[in-house]
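Here is how the chains run, residue by residue.
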Amino acid sequence: MNWFELITLHSPPLIVAVPLLAAFLTPLVSKINDTVRNLFVLIMLSITGLLVLILGYDVLTNGIRVYVFGGGAPLPSGMNIPVRIMFEIDSMTIFMVIITIILALISILYSWSFMKDKDGLDKYYTIILLLVTSIFGMELTGDLFNFFVFLEISCITSCALIAFYVNKKESLDAAFKYIVISSIGALFILFAIGLLYAQYNALNMATIANAIQFTFFDKIVLVLLITGLAMKSGLAPMHMWLPDAYSRSPASVTFILVGATLAGLYGSLRVIFTIYGNQLLNTGFTFYPGLIIGIIVTALGVLSIFIGVFMALKRSDFKKMIAYTAVAEIGYMFLAIGSYLIGLALSVPDNPQMLIAGTYALKGGLFHILNDALDIGLLFLVAGAVYYATKQTSLNSLGGLARNMKYTTIFFLIGLLAVSGMPPMNGFASKLLIYQSTYQISPILSIIAIICSIMLLAVFVKVFQSIFLGPEIPSLKNVKEVPKSMLAAMALVACIIIFIGLFPNIIIDNLVTPAAEALQNTTTYISTIVGGT
Amino acid sequence: MSQMSKIVRTQSNIIFPFIMIFGLYVIAHGHLTPGGGFQGGAVVASGCIMLLVAYSSAWVLEKIKVSRLSVFESLGALGFIGVAFFGLIFGGWFFNNFLVRNGILFNVVPETGSTLSNFNTAGVLPLMNFAVGVKVIAGLFVIVLVMGYASSLKEWKQ
Amino acid sequence: MSLRTTVAVVMFSILAVFFVCTALMLSFGNPMKSEMDDYIIMHTQNETGTNSGVTTIVFDYRGFDTLGEATILFSAVSGVIMIFRKVKK
Amino acid sequence: MIYNIPFIAVVAMIFIGLFAVLFKRNLVKIVIGISIIESGVNLFLITLGYREGGVAPIFTSAPSEVVKNAPGSMVLPVPQALTLTSIVIGVAVLALMLSLIMHIYEHYGTLDVRKIRGPEE
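For the record, the sequence lines run as chains A, B, C and D.
Quick note on my numbering: the first sequence kicks off at 1 and runs consecutively.
Quick note on my numbering: the second sequence kicks off at 1 and runs consecutively.
Quick note on my numbering: the third sequence kicks off at 1 and runs consecutively.
Quick note on my numbering: the fourth sequence kicks off at 1 and runs consecutively.
Worth flagging that the hints you see were computed from the coordinates, not collected in a lab.
C-beta atoms are modelled at their ideal positions from N, C-alpha and C, and glycine is treated no differently.
Warning: the hint list may mix true and false statements.
Unchecked claim - Quick list of simulated restraints, FRET-style, between CB atoms:
no. : chain 1 : residue 1 : chain 2 : residue 2 : range
1   : C       : S13       : A       : V348      : 47 to 53 angstroms
2   : D       : R114      : B       : Y25       : 46 to 52 angstroms
3   : B       : V71       : C       : V87       : 21 to 27 angstroms
4   : B       : G82       : A       : T61       : 32 to 38 angstroms
5   : D       : K29       : A       : V36       : 31 to 37 angstroms
6   : A       : G63       : C       : V17       : 42 to 48 angstroms
7   : A       : E472      : D       : H107      : 52 to 58 angstroms
8   : A       : G531      : C       : N46       : 21 to 27 angstroms
9   : A       : A488      : B       : G82       : 44 to 50 angstroms
10  : A       : G531      : C       : S13       : 41 to 47 angstroms
11  : C       : N46       : A       : I43       : 40 to 46 angstroms
12  : D       : V28       : C       : T5        : 45 to 51 angstroms
Said to hold, decoys possible - Here are some chain C residues pointing at chain A (derived, C-beta under 10 angstroms):
no. : residue
13  : V9
14  : F12
15  : A16
16  : E69
What the hints assert, rightly or not - Subject to a maximum C-alpha distance of 20 angstroms in a straight line, what follows is the list of computed SDA-like cross-link-like pairs (lysine to any residue):
no. : chain 1 : residue 1 : chain 2 : residue 2
17  : A       : K31       : B       : V144
18  : A       : K116      : A       : F40
19  : A       : K118      : A       : K484
20  : D       : K29       : C       : A8
21  : D       : K115      : A       : N167
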């Protein structure tokens with residue numbers, strides 16, 4: 001066994017362990033020098049990125065990988081239930097992990113200059129690394145309780161990072177709101193895990209999915225899990241924390257927080273498609289469970305889109321508008337997932353057309369995860385740059401910045417077009433998939449989605465006009481362009497956006513389609529561990 | 001928070017060694033009796049916190065720096081993850097219990113059934129208990145120390 | 001304010017039904033299934049050489065959870081120190 | 001019914017906590033509420049693992065009849081390990097929330113939720 005195979009074999013735990021080791025070392029390293037510390041963090045994350053690429057190549061070519069902590073076979077001899085913790089990695093996991101590592105690297109690059117003259121930076125970098133670790137852990141794990149532990153790590157670290165500006169009272173307020181909501185959500189999830197444990201005496205997702213019966217307890221568990229994860233991912237009725245938290249934290253932090261919310265979304269995907277995947281078409285009920293879940297998820301998604309867009313129209317604070325847009329974008333993803341579930345349930349007797357439409361919706365929704373992270377992230381980075389240069393975020397006190405900040409203006413224009421789904425950008429590719437497929441499921445959904453998208457364009461054109469165009473405000477005469485590392489980070493995101501926009505098929509064929517197939521194919525996920533039913 | 005009265009300080013001086021010994025016992029015998037790194041660490045940390053309450057946080061901060069305690073915590077965490085990495089290097093898997101049958105220390109496997117306590121068992125578990133114990137002592141103590149010091153500053157300001 | 005209260009009351013009562021049903025349907029003292037736990041109790045001595053079943057789970061079978069737990073404590077300490085840092089005005 | 005008293009206690013604790021979180025206006029009371037919910041969930045986990053007449057799953061100097069009847073004579077160990085993890089998580093969350101409350105009190109001079117509203121824009 002040569003060293004490359006060895007690294008491939010051990011890459012799943014190393015992806016979590018390397019940033020964790022770096023986080024534990026950062027307090028010691030930062031005693032040397034600031035530059036050394038920044039380089040250390042960047043290098044450690046680059047190593048993680050390399051491991052992600054190795055693992056991704058392996059999984060996409062060879063199929064699902066299982067890693068058992070402590071060694072040995074997944075199942076002890078003569079048992080049907082795994083005892084040790086396992087990582088189970090399929091294409092969906094790889095898709096999310098790649099998004100996370102892109103977000104983390106760009107955020108570290110951006111914070112090099114953005115956070116330069118702040119204090120408390122060694123703790124800041126430590127906590128950022130811990131947050132990245134926790135997102136990786138949530139995405140890689142195949143064990144429910146382990147998922148809960150990483151969820152709690154991400155709650156605590158996000159809360160500490162939201163409160164980074166401790167001398168601003170709004171950010172403390174937002175952090176408190178966040179930790180109250182997310183810890184209650186996490187406790188619901190823990191209660192649900194306890195119920196599942198009581199029934200099936202297992203904590204492994206595949207084992208539970210194999211044994212699940214959709215009893216009364218399982219319905220309670222489903223409701224509790226979806227509620228808890230929706231609290232984490234900012235779906236409509238539980239979205240109150242999201243605009244505050246996004247708009248009052250430093251821009252580099254917000255960029256990773258987007259990844260943390262998407263990990264919550266990933267969790268709910270795992271719950272619906274993997275744990276309850278075999279029960280979606282259970283015939284023991286008047287309606288299929290999949291249809292009911294689908295209708296509820298779609299309704300919540302549409303509600304999120306409405307709330308996000310209308311609240312964004314009303315605001316006059318730059319960062320808050322982007323934050324409400326993020327709520328709307330989360331709504332689009334849930335709309336797509338719900339459409340798939342409805343399509344699946346409607347297709348059953350003799351209507352395969354619906355299943356095809358639903359599959360396209362699922363692909364669009366998954367593709368939108370990547371695009372949303374990049375688009376919203378780019379807008380937040382631009383907002384951070386504007387704040388860095390002017391110390392203002394209110395629309396009323398900004399104007400005419402295009403004269404002094406040419407590059408930032410271009411990046412904002414790219415982000416604007418991408419977020420509202422205009423043709424040359426990546427947002428168009430995924431939103432078009434969602435529009436087309438939801439039109440076949442129900443035309444009303446599609447029309448709502450298109451109208452709200454156009455209204456988003458209106459929102460951002462207003463922002464663009466009032467911040468970057470218009471007469472120069474005297475107090476902003478001496479504004480300078482932001483430092484190079486911030487420009488480099490934004491340029492990197494913008495390049496990825498344009499690349500995906502020009503060649504969407506590369507991403508869809510190589511990443512999104514395998515991910516969608518992995519989600520739909522619950523049996524493979526289960527039989528990798530339990531060995532067939 | 002000012003210092004408490006002389007009676008309280010003397011009492012806590014007397015009780016403190018016993019709490020320490022009990023906590024260290026719980027940490028060391030984690031693999032044989034109820035308890036372990038977390039529980040024992042919490043006991044020791046509460047002993048330290050008792051001193052903090054009796055002698056005020058400003059007095060404690062003169063003796064020991066927050067940054068030094070924080071380094072201790074990092075070291076504990078590094079020890080824990082280091083044992084896990086050693087499992088990867090020597091045992092072939094992350095978190096492998098590589099000492100249990102053929103290690104140098106803690107390598108005895110007890111007979112199945114009721115046994116007397118044999119300290120030299122359980123592989124890497126005592127090491128992990130120790131690392132977690134150091135971490136929990138430093139961590140809990142730092143949390144209370146920082147919060148107590150901050151609140152005493154505010155009192156002083158008013 | 002009244003809308004908020006109404007929503008809260010509705011949520012509260014839905015959860016109430018769920019939780020009370022759960023409490024009445026479970027039975028105390030005899031777990032429904034205990035395969036995994038029986039395996040751990042029977043194999044804790046010859047697989048890991050530990051006499052205590054709970055410690056075996058905490059540090060060996062589910063050691064990765066404990067690493068996460070240690071990380072949580074570490075991040076809480078870092079967070080508290082960061083929140084109470086001295087800020088330059 | 002009477003035998004289910006531990007589970008009823010769990011539900012009661014979760015409700016007392018949720019009530020405090022939803023309807024109380026004082027930040028410290030909200031934190032106490034979360035703490036109570038958490039104790040309820042921990043109690044739930046521990047209660048799930050109880051086996052009638054069982055002792056702790058530890059073999060050091062265990063009585064011979066317990067060893068003879070194992071595993072039926074010992075309580076389930078996994079919920080205890082989960083509860084241990086969950087307790088430490090609770091401590092961490094509590095520490096962070098209390099330190100946030102201390103800062104909020106310093107900035108706003110009050111702990112009342114109604115007065116702690118950032119300016120709307």
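>> So if I understand the rule, the pair passes when the alpha-carbon distance is 20 angstroms or less; does K115(D) with N167(A) pass?
In response: 18 angstroms, holds
>> Taking 31 to 37 angstroms as the stated bounds, is the beta-carbon spacing between K29(D) and V36(A) within them?
In response: 46 angstroms, violated
> Does the hinted range 52 to 58 angstroms hold for E472(A) and H107(D) at CB?
Replying inline: Violated, since E472(A) and H107(D) (Cβ atoms, about 35 angstroms apart) do not stay within the stated range.
> Keeping to a limit of 20 angstroms between CA atoms, is the pair of K116(A) and F40(A) held or broken?
Replying inline: 16 angstroms, holds
> Does the hinted range 42 to 48 angstroms hold for G63(A) and V17(C) at CB?
Replying inline: With Cβ atoms ~43 angstroms apart, the hint holds.
> Does V9(C) meet its interface restraint, that is, does its C-beta lie within less than 10 angstroms of any C-beta in chain A?
Replying inline: 15 angstroms, violated
>> Can you tell me whether the CB distance of V28(D) to T5(C) sits inside 45 to 51 angstroms?
In response: 21 angstroms, violated
> Given a hinted range of 21 to 27 angstroms, is it respected by the beta-carbon distance of G531(A) and N46(C)?
Replying inline: Holds: the Cβ-Cβ distance is about 25 angstroms, inside 21 to 27 angstroms.
> Would the hint on E69(C) stand, with a C-beta cut-off of 10 angstroms toward chain A?
Replying inline: Interface hint status for E69(C): holds (7 angstroms vs cutoff 10 angstroms).
> Between S13(C) and V348(A), does the C-beta distance stay in 47 to 53 angstroms?
Replying inline: 35 angstroms, violated
> Against chain A, is F12(C) within 10 angstroms by beta-carbon distance?
Replying inline: 13 angstroms, violated
>> If I claimed the Cβ atoms of G82(B) and T61(A) lie 32 to 38 angstroms apart, would that claim hold in this structure?
In response: 33 angstroms, holds
Checked against the numbered hints given earlier, this structure breaks hints 1, 5, 7, 9, 12, 13, 14, 15, 17; the rest are met.
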